[in-house]
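Protein chains in written order, with the working numbering: chain W, 1 to 147; chain Z, 1 to 147; chain D, 1 to 147; chain L, 1 to 147.
The hints are simulated quantities; they were obtained by calculation from the structure and are not laboratory data. Values in this document were obtained by computation on a predicted structure and should not be read as measured data. Where a beta carbon is used, it is the ideal one built from N, C-alpha and C, also for glycine. Accuracy of the hints is not assured; some may be wrong.
Below, simulated PhoX-like cross-link-like pairs (lysine-lysine); rule was C-alpha separation at most 25 Å, straight line [what the hints assert, rightly or not]:
{"id": "1", "chain 1": "W", "residue 1": "Lys56", "chain 2": "W", "residue 2": "Lys125"}
{"id": "2", "chain 1": "Z", "residue 1": "Lys70", "chain 2": "W", "residue 2": "Lys70"}
{"id": "3", "chain 1": "D", "residue 1": "Lys70", "chain 2": "D", "residue 2": "Lys114"}
{"id": "4", "chain 1": "Z", "residue 1": "Lys56", "chain 2": "L", "residue 2": "Lys114"}
{"id": "5", "chain 1": "D", "residue 1": "Lys70", "chain 2": "D", "residue 2": "Lys56"}
{"id": "6", "chain 1": "Z", "residue 1": "Lys125", "chain 2": "Z", "residue 2": "Lys136"}
{"id": "7", "chain 1": "W", "residue 1": "Lys70", "chain 2": "Z", "residue 2": "Lys125"}
{"id": "8", "chain 1": "L", "residue 1": "Lys70", "chain 2": "D", "residue 2": "Lys125"}
{"id": "9", "chain 1": "D", "residue 1": "Lys56", "chain 2": "Z", "residue 2": "Lys105"}
{"id": "10", "chain 1": "Z", "residue 1": "Lys56", "chain 2": "Z", "residue 2": "Lys136"}
{"id": "11", "chain 1": "W", "residue 1": "Lys114", "chain 2": "Z", "residue 2": "Lys114"}
{"id": "12", "chain 1": "W", "residue 1": "Lys125", "chain 2": "W", "residue 2": "Lys136"}
{"id": "13", "chain 1": "D", "residue 1": "Lys114", "chain 2": "L", "residue 2": "Lys114"}
{"id": "14", "chain 1": "D", "residue 1": "Lys105", "chain 2": "D", "residue 2": "Lys56"}
{"id": "15", "chain 1": "Z", "residue 1": "Lys125", "chain 2": "Z", "residue 2": "Lys70"}
{"id": "16", "chain 1": "D", "residue 1": "Lys70", "chain 2": "L", "residue 2": "Lys125"}
{"id": "17", "chain 1": "W", "residue 1": "Lys70", "chain 2": "W", "residue 2": "Lys125"}
{"id": "18", "chain 1": "W", "residue 1": "Lys70", "chain 2": "Z", "residue 2": "Lys105"}
{"id": "19", "chain 1": "D", "residue 1": "Lys114", "chain 2": "D", "residue 2": "Lys125"}
{"id": "20", "chain 1": "D", "residue 1": "Lys56", "chain 2": "W", "residue 2": "Lys125"}
{"id": "21", "chain 1": "L", "residue 1": "Lys136", "chain 2": "D", "residue 2": "Lys132"}
{"id": "22", "chain 1": "W", "residue 1": "Lys56", "chain 2": "L", "residue 2": "Lys105"}
{"id": "23", "chain 1": "D", "residue 1": "Lys125", "chain 2": "L", "residue 2": "Lys132"}
{"id": "24", "chain 1": "L", "residue 1": "Lys56", "chain 2": "L", "residue 2": "Lys70"}
{"id": "25", "chain 1": "W", "residue 1": "Lys56", "chain 2": "W", "residue 2": "Lys136"}
{"id": "26", "chain 1": "L", "residue 1": "Lys56", "chain 2": "Z", "residue 2": "Lys125"}
{"id": "27", "chain 1": "D", "residue 1": "Lys70", "chain 2": "D", "residue 2": "Lys125"}
{"id": "28", "chain 1": "Z", "residue 1": "Lys125", "chain 2": "W", "residue 2": "Lys125"}
{"id": "29", "chain 1": "D", "residue 1": "Lys132", "chain 2": "D", "residue 2": "Lys56"}
{"id": "30", "chain 1": "Z", "residue 1": "Lys56", "chain 2": "L", "residue 2": "Lys136"}
{"id": "31", "chain 1": "Z", "residue 1": "Lys70", "chain 2": "W", "residue 2": "Lys114"}
{"id": "32", "chain 1": "Z", "residue 1": "Lys105", "chain 2": "W", "residue 2": "Lys125"}
{"id": "33", "chain 1": "L", "residue 1": "Lys105", "chain 2": "D", "residue 2": "Lys70"}
Pair ranges (Cβ atoms, derived) [claimed, not checked]:
{"id": "34", "chain 1": "Z", "residue 1": "Asp46", "chain 2": "D", "residue 2": "Arg8", "range": "56 to 66 Å"}
{"id": "35", "chain 1": "Z", "residue 1": "Leu109", "chain 2": "W", "residue 2": "Ala126", "range": "14 to 24 Å"}
{"id": "36", "chain 1": "L", "residue 1": "Glu57", "chain 2": "D", "residue 2": "Lys132", "range": "53 to 63 Å"}
{"id": "37", "chain 1": "Z", "residue 1": "Leu109", "chain 2": "W", "residue 2": "Arg93", "range": "15 to 25 Å"}
{"id": "38", "chain 1": "Z", "residue 1": "Arg127", "chain 2": "L", "residue 2": "Glu57", "range": "22 to 32 Å"}
{"id": "39", "chain 1": "D", "residue 1": "Ala128", "chain 2": "Z", "residue 2": "Ala94", "range": "52 to 62 Å"}
{"id": "40", "chain 1": "Z", "residue 1": "Lys125", "chain 2": "W", "residue 2": "Ala126", "range": "15 to 25 Å"}
Protein chains: 4
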Amino acid sequence: MKIAENPRWSETRLRVRYAETDHSGVVYHSNYLIWFEVGRVELCRDHGFNYRDMEKEADAFLPVTELSVKYRVPARYDDEILIRTRVVRLRSRAITFEYQVIREKDGTLLVEGKTDHIVMNSQGKARAFPSKYADKMREEETRNKRK
Amino acid sequence: MKIAENPRWSETRLRVRYAETDHSGVVYHSNYLIWFEVGRVELCRDHGFNYRDMEKEADAFLPVTELSVKYRVPARYDDEILIRTRVVRLRSRAITFEYQVIREKDGTLLVEGKTDHIVMNSQGKARAFPSKYADKMREEETRNKRK
Amino acid sequence: MKIAENPRWSETRLRVRYAETDHSGVVYHSNYLIWFEVGRVELCRDHGFNYRDMEKEADAFLPVTELSVKYRVPARYDDEILIRTRVVRLRSRAITFEYQVIREKDGTLLVEGKTDHIVMNSQGKARAFPSKYADKMREEETRNKRK
Amino acid sequence: MKIAENPRWSETRLRVRYAETDHSGVVYHSNYLIWFEVGRVELCRDHGFNYRDMEKEADAFLPVTELSVKYRVPARYDDEILIRTRVVRLRSRAITFEYQVIREKDGTLLVEGKTDHIVMNSQGKARAFPSKYADKMREEETRNKRK
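Whole structure, please, built from the sequences with the hints as guidance.
Dropping the structure here:
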């Protein structure tokens, strides 16, 4: 099975590290959340900004408030992995992302997930999305709805 | 606020490690899943068996198939943490656990979670719970329903 | 073999977590460094202060500048582990710790290590040890030399 | 400063993940060991084989027996990192690698390290390097000495 190019998703690739496996022989389940984060950061880069800059310049952080994950097939050491990420909901003070984790060599869908985030400053107070970054995210969401 | 002793939950304690925090100053969100695992293992111990033995002697593993987490308040470096774990559903080939992560010093509920697991052998085939261990888990579930 | 109580070392215990193992069946080697950190923090507590407070109140951090580790026998999932930590050298702007990682059930020495640290403020500038904390550390070093 | 292309080193690149930082604002020091592993795996790939295959087909594992690291400058979140790895010693039952961790954008050397490994089978017994893989490693070592 070939993964069709789907313009709605940002894509990034990584290879499973030894340290990410556990003694049952597969990737330990918490590591997929770290890969989701890799996906979010690359989605930002795809939309013309750097998540790090948003933190530093605009004092806007996106802590996770809720998440859910479905584990279908385990990833294994040295597998090439495709992470697909998209924005599915954007509010003035919150954002939701969806993810697919796919084994590159045969297109198998391994894991799916969703994370909800709020926008906070470095003192932990809720705040609105900085407009510069919200606009770029909004393009993303609009594009998804159109499809 | 003092946490009332609740006999339905297994309890275990840990202290937040430096490596578990991230540069935003709080615990990185994937680490709570590792703490949930610590909670499951201690729940097994509370019920008279060792999760490691179940893997080794009975060739029964409990991979996570689905999970959800709500993040309310972040844990911080060096916080003493109470993990509360209980069995909420037990089938012949599946089990569901619930968790509460609590800041020990003031009883604040930080994070809640739920994980679904199936029973598999080391070759990755679904199998029934080994009866020796299922019985001990069943006591647990019955106890929870009675309350 | 029974570990003799050695007053020169601070001791703390932990249990190997599932996430700390890798697909070869033993603890992944980088995790011992995290356990060394657990040992340092407990050594501070043994000497009447909290490493977190030193960071917050005195703006003094102890980044690792150099380390070495010898791996003798691997730790495995669910092993009970004893971490022994001591100060072996203390200067106005630097400190060196030594560690032993021991399997609790039979006293086997698994891993030994040494870490060098300098004292820095939160802006990354070298600074002297805050005297309040240096004094407590110095007692420790003196005690070690006397033995 | 531009890093001169040095044919003696295998090179691979990665980007610092959020989860790899700690609350002091920089990469937690144990994570560089995980990056060294990424470097070793890519060195194998550069020499025409897959470390995973050596484990699976030849039952040869390379556990770390000793390591040392010098930390010069900390890596930070989202930095692009260049990992340089080379074989510096090869015996029938042992191998030593060296590493440099470099900040891509300005060529700053952040961390240097060295790891010693022995060859073992999956039962934990020492064994000789499988000749097929030793030959490929030997080319590497010879190449380094000639320079």
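Straight-line alpha-carbon gap Lys125 (chain W) to Lys136 (chain W), limit 25 Å: holds, 23 Å
Pairwise hint evaluation, Lys114 (chain L) against Lys114 (chain D), where the allowed Cα distance is 25 Å at most: The hint holds at about 15 Å.
Lys56 (chain W) paired with Lys125 (chain W) [C-alpha distance capped at 25 Å]: holds, 16 Å
Restraint status (C-alpha distance of Lys56 (chain L) to Lys125 (chain Z) at most 25 Å): Within the cut-off at roughly 21 Å; holds.
Distance restraint between Lys136 (chain L) and Lys132 (chain D), which requires alpha-carbon spacing of 25 Å or less: violated, 56 Å
Satisfaction of hint between Lys136 (chain W) and Lys56 (chain W), Cα-Cα up to 25 Å: The given pair, whose Cα atoms are some 17 Å apart, holds under the 25 Å limit.
Lys132 (chain D) paired with Lys56 (chain D) [C-alpha distance capped at 25 Å]: holds, 14 Å
Proposed proximity, Lys70 (chain W) with Lys70 (chain Z) (alpha carbon, max 25 Å): holds, 16 Å
Pair hint Lys70 (chain D) and Lys114 (chain D), alpha-carbon separation not exceeding 25 Å: holds, 9 Å
Pair hint Lys125 (chain Z) and Lys70 (chain Z), alpha-carbon separation not exceeding 25 Å: Violated. Lys125 (chain Z) to Lys70 (chain Z) sits at ~31 Å, over the 25 Å cutoff.
Hinted pair Lys114 (chain D) and Lys125 (chain D), Cα distance within 25 Å: Holds, at about 23 Å.
Lys56 (chain Z) paired with Lys136 (chain L) [C-alpha distance capped at 25 Å]: Roughly 37 Å between the alpha carbons, so the hint for Lys56 (chain Z) and Lys136 (chain L) is violated.
Of the numbered hints given earlier, the model fails hints 4, 5, 14, 15, 17, 18, 21, 23, 24, 27, 28, 30, 33, 34 and 40; all others are met.
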